[in-house]
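Take these sequences, add in the hints, and give me the full structure.
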Amino acid sequence: EAQVTQNPRYLITVTGKKLTVTCSQNMNHEYMSWYRQDPGLGLRQIYYSMNVEVTDKGDVPEGYKVSRKEKRNFPLILESPSPNQTSLYFCASSLLGSETQYFGPGTRLLVL
Amino acid sequence: EDQVTQSPEALRLQEGESSSLNCSYTVSGLRGLFWYRQDPGKGPEFLFTLYSAGEEKEKERLKATLTKKESFLHITAPKPEDSATYLCAVQARGTGRRALTFGSGTRLQVQP
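Going down the list, the protein sequences come from chains A and B. Just so you know, we're using the numbering used here here: the first sequence kicks off at 1 and counts up by one. Just so you know, we're using the numbering used here here: the second sequence kicks off at 1 and counts up by one.
A hint or two may mislead.
[Unchecked claim] When the alpha-carbon atoms are kept at most 25 Å apart in a straight line, the in silico DSS-like pairs for lysine-lysine are as follows:
id, chain 1, residue 1, chain 2, residue 2
1, B, K79, B, K42
2, A, K65, B, K79
3, B, K68, B, K42
4, B, K59, B, K42
5, A, K18, A, K57
6, B, K42, A, K71
Just so you know, these hints were derived from the structure itself, not from any lab. For clarity, every value in this text was computed on a predicted model and none was experimentally measured.
If you want it as structure tokens, here you go:
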């Protein structure tokens, strides 16, 4: 089944403790992206990647890092999480020749 | 700055009662307008992409239309399983990062 998977789905952590949220897709998509969803603000793009080793900032990149060493994986790294990063995070992917992005199931993060 | 405004914020319908959801947008050159459905605790599920004014697309009880300033999602004879949050998003032309700018969504509840 074609899909985008994320792990973990739920995470509670404390301020300053480094964490990684993984994202993987099995559709051979070149483009991958991370969004965060907050009440009243909609989904906002954090980082994106056009292909392996090509990443760039989205609208709200502060406090996040990403890497793209393999085509299928695009992990999101929070090196020193803060409470304002409590949110619902979604990974998305698409073919470069298509505008349609397909989303993962989401990761709900709580930073205490 | 690209903007998307959805109305109403919430809508309660009786089963079989048709209605429309509105998405008003401003964008610096439209590459595409997207409708997604989001169920609680899940990622956005792709419904439609519209590219130019006058375009229409249909899927089961849903029909999406597009003008130069807004899009409508018409729901004909809805069923309880149509209950979800419907998200509208735009993608601007000429931006390599392909970010989707989302509205805050319309929460639809269809009562039996």
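Hints, verified against the model:
| no. | hint | in the structure |
| --- | --- | --- |
| 1 | K79/B <-> K42/B | holds (20 Å) |
| 2 | K65/A <-> K79/B | violated (42 Å) |
| 3 | K68/B <-> K42/B | violated (31 Å) |
| 4 | K59/B <-> K42/B | holds (21 Å) |
| 5 | K18/A <-> K57/A | holds (20 Å) |
| 6 | K42/B <-> K71/A | holds (24 Å) |
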